[in-house]
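Peer 1: Sequences and hints are given; from them, build the entire structure.
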Amino acid sequence: MHIAVENLTKRFGPVCANDRLTVSFAAGQIHGVLGENGAGKSTLMKLLSGYIQPDEGRIVFNDAPRRLRGPGDALAAGVGMVQQEPLDIPAFTVLENLLCAAPPGVFRSRRAAQTALLELAGRLGFPVDPAARLDQLTIGQRQQVEIMRLLLCGAQVLILDEPTTGITAAQARALFAALRQIAAEGRTVLFVSHKLEEVAELCHTVTVLRNGHVVPPGQLPMPQPQEYLLSLMFGESGAAPPIYRPLPAIDAPPVWELRHVTARSGALHLVDLNHRFAAGRIIGLAGLDGSGQQVLLRLLAGQQAPDHGQVLVNGRDLTGAGSIAFRQAGVEYLPADRLHDGMIGALSLADHFALLQRNGLLVDRRRAEELARQAIAEYQIKATPVTPIASLSGGNQQRAMLALIPSTARGILAEQPTRGLDVASARAIWSRLQARRDDGCCIIFSSPDLDEIMEYSDEVIVCFAGRIGPPIPRALLSASRLAELIGGVGFDALVDVVR
Amino acid sequence: MDQLWIDLAAVLAAASPLVIAAMGETLSERAGVINLSLDGTMLLAAMTGFAVALTTGNLLLGFAAAALVGAAVAAVLGLFSLTLGQSQTAVGFVLALLCTDLSSFLGAPFVRVPGPAVPFTPIPVLADVPVVGTLFFRHDPVIYASFLIIPATAYLLYGTRLGLIVRALGERPAAVYARGVDVTRWRYALLIAGGALVGIAGAAFSLDLKQGWSYRHTFGAGWIVLAIVIFGGWRPWRVALGCYLFAALEIVATRSQSALPNIPTQIVQVAPFVLMIFVLALVNLASSPAAMRRVATLPQIWQRPLLGAINRLRATAPAALGQPFERP
Amino acid sequence: GTQPAAQPTAAPAAEPTTAPAAPAEEFTFGMVLVGPINDGGWNQAHYEGAQYVVEHVPGVKFIYIDKVNPADRPNVKVEQAIEELIGQGAKLIITNSAEFADGTNIAAAAHPDVFFIHASGDKVLTGEAPPNVRNLMGRMEYGKMIAGCAAALTTEAGKLAYLGPLIDPETRRLVNSTYLGARYCWETYRGRPASELAFKVTWIGFWFNIPGVTLDPTKVANDFINEGYDVILSGIDTTEGIVEANKATQAGKRVFAVPYDFAGACAQGEAVCLGVPYFNWGPDYKRLVELARAGKWEPAWEWTGPNWSNINDPDTSMIGFVKGPALSAENAAKLDEFIAKLADGSLNLFTGPLFYQDGTVFVPEGQVADDKTIWYTQQLLAGIEGQSAP
Amino acid sequence: MRTDRLKLAANLTRPLLALVAAFALTTLALLSTGVSPLEAYRLVLFGAFSTPVRLSDMIMLAAPLLLCAVGLSITFAGGLYNLGVEGQMIAGAIAAMVPLRLWPDWPPLLLWLLAGLSGAAGGALWALLIGALRRYANVSEIFAGLGMNFLASGLALYMVLGPWRRQTSASLSGTDLLPRDLWLPTIDRLRLAPAAPVIALLALAIVWWALTKTRWGLEVRAVGLNPAAAGRLGVAAFRRMAETLAACGALAGIAGMLQVVAVHHALIPNISSGIGLLGLLVALLARADPRWLLPIAVAFASFTVGSIQLPLTLGIDSAIAGVLQGALVLFALVARARVR
Ligand SMILES: Nc1ncnc2c1ncn2[C@@H]1O[C@H](COP(=O)(O)OP(=O)(O)OP(=O)(O)O)[C@@H](O)[C@H]1O
Ligand SMILES: Nc1ncnc2c1ncn2[C@@H]1O[C@H](COP(=O)(O)OP(=O)(O)OP(=O)(O)O)[C@@H](O)[C@H]1O
Ligand SMILES: [Mg+2]
Ligand SMILES: [Mg+2]
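Residue numbers (this note's numbering), protein chains in the order written: chain E, 1 to 499; chain Y, 1001 to 1328; chain L, 2001 to 2390; chain W, 3001 to 3340.
These are computed hints drawn from the structure, not numbers from a lab. Every residue gets a Cβ at the ideal spot worked out from N, C-alpha and C, and that includes glycine. Take the hints with a grain of salt, since some may be wrong.
To be verified - For the chain W half of the interface with chain E, some residues (derived, Cβ under 7 Å), not all of them:
| hint | residue |
| --- | --- |
| 1 | Lys3213 |
| 2 | Arg3215 |
| 3 | Asn3226 |
| 4 | Arg3232 |
Claimed, not checked - So these bits of chain W aren't anywhere near chain L, every CB distance computed over 12 Å:
| hint | residue |
| --- | --- |
| 5 | Leu3016 |
| 6 | Ser3032 |
| 7 | Trp3103 |
| 8 | Leu3117 |
| 9 | Ala3121 |
| 10 | Ala3137 |
| 11 | Phe3150 |
| 12 | Val3198 |
| 13 | Trp3216 |
Peer 2: Spelled out as C-alpha cells, the structure:
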C-alpha cells in the first residue's frame, strides 16, 4: 500500500511537532525516517497510525484521503505501528495477546490463530511459543510478537518506531531479515531511527525530519553520504565529532566499594560483585535494557539491599542501611523519570529547596526562595521560584533536579540523565555534571545511547545478562568494540583479562 | 453427617447475594474500575427492589428495578470518574454513604412491612438425590442463579474473546486502545453490568435471604464483598470460595453461643471480616520479596512446594486497577 | 424520696368516666419508643396502646418519637427525644424500654412538672427514680407459659428454640416461664419425660436487630431450623422468627413459630403461627393518662396481670394470648385446659423445687416464689441450653 | 481584565451549580415523600439554631466531627484515605474509659487529662496498625481501615457485654453511667460542655499551623503528592505516613474520649456514631483545606441535629440530612473536575 501525507500539522501547545509535512511512501519498500531527538518522527508515525489526530492537513492511503479516528481505523485500513515499547498486555500469553480485540473475522478459532501465528513465525524466522506469557519474554521477542500480530491482523504498512533500542544484536539481525521479507511480499515498511548505519543497511529511501519539517522537502533515495545526512539531521554543528579529553589521575579514596555483593531482581542474578568506584570520575554503564545496570544503580543508591556481601560508601559500611542513610552519606540518585520519581510536580523549586532544609521546626521560606533564585540564575532554568515543577519543560526539570543536588554530594547516580532532552539541553546538563566531577564527585550514569556513553565517560562498565564487567578506560575503547561487548561478543575474555 | 450437608447447603444459600455481588465487582475491577460504592448500592437496590415488588406484586419487576438502581449508581460513578476524571476512590466512597442514607430515607415507609418473597423451588427428581440434592437442588431461583453465575463469569473472563478485552482493560488499557477499542465506553459497559449484578444482589437480600426491608438491611455486605474480591485475587472461582468461607464463618459465629457460654458472641460476628483482612495480609506477607528471598535460601525440596503454594495464593491486582485512562 | 410500693399495685377497676364536659385544654402525651411503631412487636403494641387512649379519652393528643436507639438514631439520646416531646407540649411521657431508665430519670428530674411512665423498668422499686416517674409492666410470665405450652404440645422433634433478646432479669424470667410452661405440657399432655425436651436460647444482644451490633435474628432463626428445632419462640421485638419459620415451611420443612408482644403478629406467617402472647397496654395507659390529667399522680411500680376471666378482653386484660391457625383443634383444647388451671390458681409453675442452670436453688421444695424473686431472676433454669449470665 | 472577570465568574458559578445540583437531588427525594421541601429545609438548615438546647447539641456534635475532619485533613495531605477513622474513634473511647474505670476516685481534672492522653494513644495505636498493614502486608489503607473498624466495634461490644457490663444485665445500650463528677463540666440544662469545642478549635489551629508553616507539614505534603520523589529528596516517607496516621488517630481518639466524658457518659457500642465517616465527607468537601473545615463541620453538624425534628414534625426520616451532605460532596467533586 502506498501512503502519503499532505500539509500535515500537529501542535502540542506551543510546540509545532509536525509543521505542514508533505511526503509519500511507496509500497514494497523500506523507508527510513531519520531525525534528532524531538524532530517529530514519532508524532508523524502516530498520526499515520491513528493514535493521534492532525490539526491540519490530510493522510492519503492509496490515493484516497482517510480520516483516522483511532488506531482501530488505521489497522482496518491496513496500517499498523510497533511502538518503542510494544503496546501489548504483559499478563497475557502470546496467543491471548494475538486474539485480544482482533478485527472481526480474522481468526476463526484459537487453533486457527495458533496455526497462522506459527506459520508466519516460520516464514519470518522468529522463534515463538504461543503459550508463553509476554512478561517472561525480552523486549525483542515482544516486538516480534507485536509485528506478527499486526501482520496477521492485516497490516499492509508496518511502522516501527526506534525498534533497535533495547534488543540484542542477534535480534536486530533477525528483525532486519524479517523486514526485508515483509517488504519483498509487497508491504510498506517505515523504519524510524536516529542510527545512520541501520538506515544505510536496511532502507531503500530516507526521509529526514528536523524541527517538524522534512529537510530537504521530500524523500531521498538511499544510499546517501553519512556526513550529508548528519548535517541534515543536526544542522552544520551537530556533525562535529566529540573530542576526547584525557583526565588527570586523581588519588582519592573510592566513593563506593562493593565487596562480594550478590543481588537478584526478578530473573536476573548479580553474583559476587567486587568493585571500587573512584572519586573524580564519570563512569558510564553500557548494556542492553535489563542487563543489570538498574540493579547496580539501586544497590549503589541503597534502594536495594544485597542478598550477601557489603556496600561501603566513603569507607563506611552501609549495607542494608536504606536509601536515606546513603543520601546522608552523600549519595544522590537522579531517576530517569523525573516527574514520576524525581521531583514533586505540584511543588515549586522553592518548596523543593525548603524540603532540603534539615534544621528547624519551621520552614525558612525566605532562604528557600533565595536558593531557588540562585539556582535559576546559575543553571539557567526558565522558571520562577514559585512555578510548579510540573509546568517546566523536560530540560528545565532536569536542570532543576541537578540544581537540587547538595554541594556535599560525593557520588551521583544518574539514570539516563539526558533522556528526552534536545542536544543543547543535553550539552548543558553534561557540562554541569562534568563540573561536579571536577569538584571530586564520582558520577555513574546509565544510558541506552552508546554515543553519549562514548562521549562523556571516563570509564565504561559493560553489563551483559546480569554480569557486570570491569571499568574500561574510555581511551581503550572504540564505538564498534563497545557495541560488540554489549552484545556479549568478547565479554568473557574481557572479564577474564581483568581477573 | 446429614447435619453437615444441611449446614453446607445453608452456607451455599447464605452466600448467594455475596456471590452475585462479588461477580459483579470482579467484572468491573477486571476492567480496571473499582466500584467502592458497593455497600450503598446494595442497600439502595435492596430497598428499591423490595418496594417495587411490594407495590406491584411482581418479583421480577423488583429484581429489574434493583438491577436498574445498581446500574444507575455505577453509571454515576463512571460519569464522575471515567469521564470527569475524579478519583474512583473518592467518588465511590461518597456514593456509598449517599446511597446508604438515600435508602434509609426513601425506604422508611417500607421498614418491616411484610412483603413478597422468592418462592422455594426444588428441582424435581434432582432434589431427591442424596447429598447432591440437598446441597444444590433444594433452593430457590436466586440461589440457583448464584451457582450459575460463577462458571458464567469464569467462562466470560477466560473462555471468550470478550473476556480477553475485559482483562486487557484492567491490565493495559493503552494496548486495548491501540487495538481500536474505545476504552472508556467499554469500561462504562462493564462497570454498569457489574453494578446491575450488585443491584440484583441487593434484591436477593430483601426479596429472598433476609426478606423485607429495614434500616441498613444488608449491614456491611458491600464492604465485605470488596474485601472478598481482593482476597479471591480477582479470579471468579476463588472469589466465590471466599464468599462461601465468609458465610460459613458467620454460621460458626451464630452457633458459638452455646459452645462458648462465657463469651458475648455478638463480637464473633465481626470476626469474618477481620479474618479476611488478616488472611489477605498473611498471603501478601508470604509473597513479599523479603519472604521470597527467605524461601530462596531453603533447601531445594522445600522451595518448590512452598513457591508453588505462595504463587497459588498470591493475588495480583489488575495492573491498571483504579488508574484513569487518557487517550493520547 | 417517696417509698416505692413493694407490692404491685393491682389495676383498679376503670373509674367511671362521667363524660367530662369538654376539657378546658387539650392534654398532650408523648411516647419515646425504642423501635419503629410498625415492627409487628413490642413497639407496635405500645403504639396501639396509645391509639387506644386517643380513641377512648376525649381531648387528648398523642405525639411520639420512635426508633430511639444507637443504630437508628446514632446521635439522639433519650433525654433529647424527651426534650423534643416536652417542647411540643407533652405533659406525660411514656418511655418503653428498659434501656431508657437512666435517660428517663434524668429528664424527669429536669422536668418535675411532667409525668413519666417508664414501661418495663424498676427504678421506682429500687428507689432511684424521681417522684414524677411511675413504672409499668405486664405479667407476661403467664403469656409465656401459655406460649411454651403451645410449643410443647405441637413439637414433633421435641426441640424448642427461643430467639432471645439481651440478657437481663426480665428476659431470663420470660425464658424461664416459657420453659416451665413447655415442660409442664410436655410431661402432662405429651406424657414424655422432661429430659427428652430440648430447649435452647440464643441471645441476639438487643431487643431487635441492630446491624453489626447484634447477631442477625434472621440468621439465628435459620440456624435453629437447620439444627432441627421445629418451634421457634420469639423473645425479641420483631418478627424474624415467624418469617423464617414460614419460609422454611414453604420450603418443605415443618417449623412452627410463636411470635411475641403484639396481637397481630401472626399475620407474618399464619400457616406456622401457634399463637402469640401479647401486651395490651391500652387500658393501663388510659387509666394513667386520666390520673395524670386529674393531677392524682403518685410514684408506683405496677406489674399488671391478665384478666383471668377473659384474657383477651381488650378493655381489661393487660396480657393476652391469641391462638394461631397452626395450632390443631385438639391441642387448642388442651391449651384451654392449661389456661384454665392457671386462671383458677390450681397450677402455679413457680412452685419449688426449681433449680438454676448451675444447680443452685431458685425456689426451694414446697415453696412458691414471690414477686420479687421472680422479678429478679438470676439465671436460666436447669434444663435450658444457653447463656444465663451475660 | 475581561478574562479575569470571566475566570472569577467561572470559579463562582461552578460551586454554585454544585450547590444547586445537590439541593435538586435532595428536593427530589423530599418530594417523593409528599412533604413540603421548604418546610423540611427550614428544619434541616436552621433547626439546630432554633433553641439553645439544640444549638448546644449541634456544638457537641460539631466538636468531635471537627476533630475527626482535622485529623483526616492531615492524612489527606499525606495522600491516605483513612477510612479507619471510625475505628480509631472507638479505640480512643475504649482507651479513655480505662483510667475512668480504674481510678474513679482520683481528682476529675487529672482523670480527664489521663483519659484524653489514653484516648489519643489508643486512637494513634489503632491508626498505626493500619500503617503497618499497608507497609508490611501490602493491604491498602482503605481495606485495612475497614477491617480495623470492624475489629474496634467488636472490641467495644466485648467491653460493653463482657468486662464492663452493667451489674444485672448485658445490654447493648452501654456500660453503667460514669459517676456524675467525672462528666465533663456541662452548662446547666444545655448539655453543652464548653471544653469540647475549645479542644476541637485548638486542634484545628495547631494542625493548620503544622501543615502550612512547619517543615514537617511540607514534608507530609511532599509525601502525599509523590512518596517516591519525596524519599529521593531525603524525606523519610514511611515515617511521615505513619506520623500522619498516628496524628489523625490521636485526634479521632480524643473525639472518642469526648463522646465518653462529655456526651454519652458511658461506653456504648456505637460510640463513634458515624461521626468519623461524616468527618471524611467534611474533609473531602473542604479539600483538606483547614480554613474550610470549621464552617463545613458546623454546617454538617447542624444539618444532622436539625434533621432530628423531621420525623417529629413532618413524619419523614431524618436520613435526608445524610443525603444532602453526600450530594454536596459528590457534586463539589465534579465542580472541581471542571475548574481544573
Ligand atoms: N503528547 C505530547 N505532549 C506535548 N508535547 C509533545 C507530545 N508528544 C510530543 N511532543 C513534543 O513534540 C516534539 C516532537 O516529539 P516526537 O516525539 O515526535 O519527537 P521524536 O522525533 O520522536 O524524538 P525522539 O527521537 O526523542 O523519539 C517534541 O518537542 C516533544 O516534546
Ligand atoms: N521488581 C522486579 N520484579 C520482577 N522482575 C524484575 C524486577 N525488576 C527487574 N526485573 C527484571 O530483571 C531484569 C533486569 O531489569 P533492570 O531494569 O534492573 O535492568 P537494567 O539493565 O537496569 O535495565 P535498563 O536498561 O532499563 O536500565 C529485567 O528482565 C526485568 O524484567
Ligand atoms: Mg520518538
Ligand atoms: Mg531497566
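Peer 1: Now look at each hint and say whether the structure bears it out.
Peer 2: Hints versus structure:
1. Lys3213: Holds. Min distance 6 Å.
2. Arg3215: holds, 5 Å
3. Asn3226: Holds: closest Cβ of chain E sits about 5 Å from W/Asn3226, inside 7 Å.
4. Arg3232: holds, 6 Å
5. Leu3016: Holds, since 30 Å exceeds 12 Å.
6. Ser3032: holds, 19 Å
7. Trp3103: Correct as stated: the minimum Cβ-Cβ distance to chain L is 23 Å, above 12 Å.
8. Leu3117: Fine: 26 Å to the nearest Cβ keeps W/Leu3117 off the interface.
9. Ala3121: At roughly 25 Å from the nearest Cβ of chain L, W/Ala3121 sits farther out than 12 Å, so the non-interface label holds.
10. Ala3137: holds, 25 Å
11. Phe3150: At about 8 Å from chain L, W/Phe3150 fails to clear the 12 Å cut-off, so the statement is violated.
12. Val3198: holds, 21 Å
13. Trp3216: holds, 34 Å
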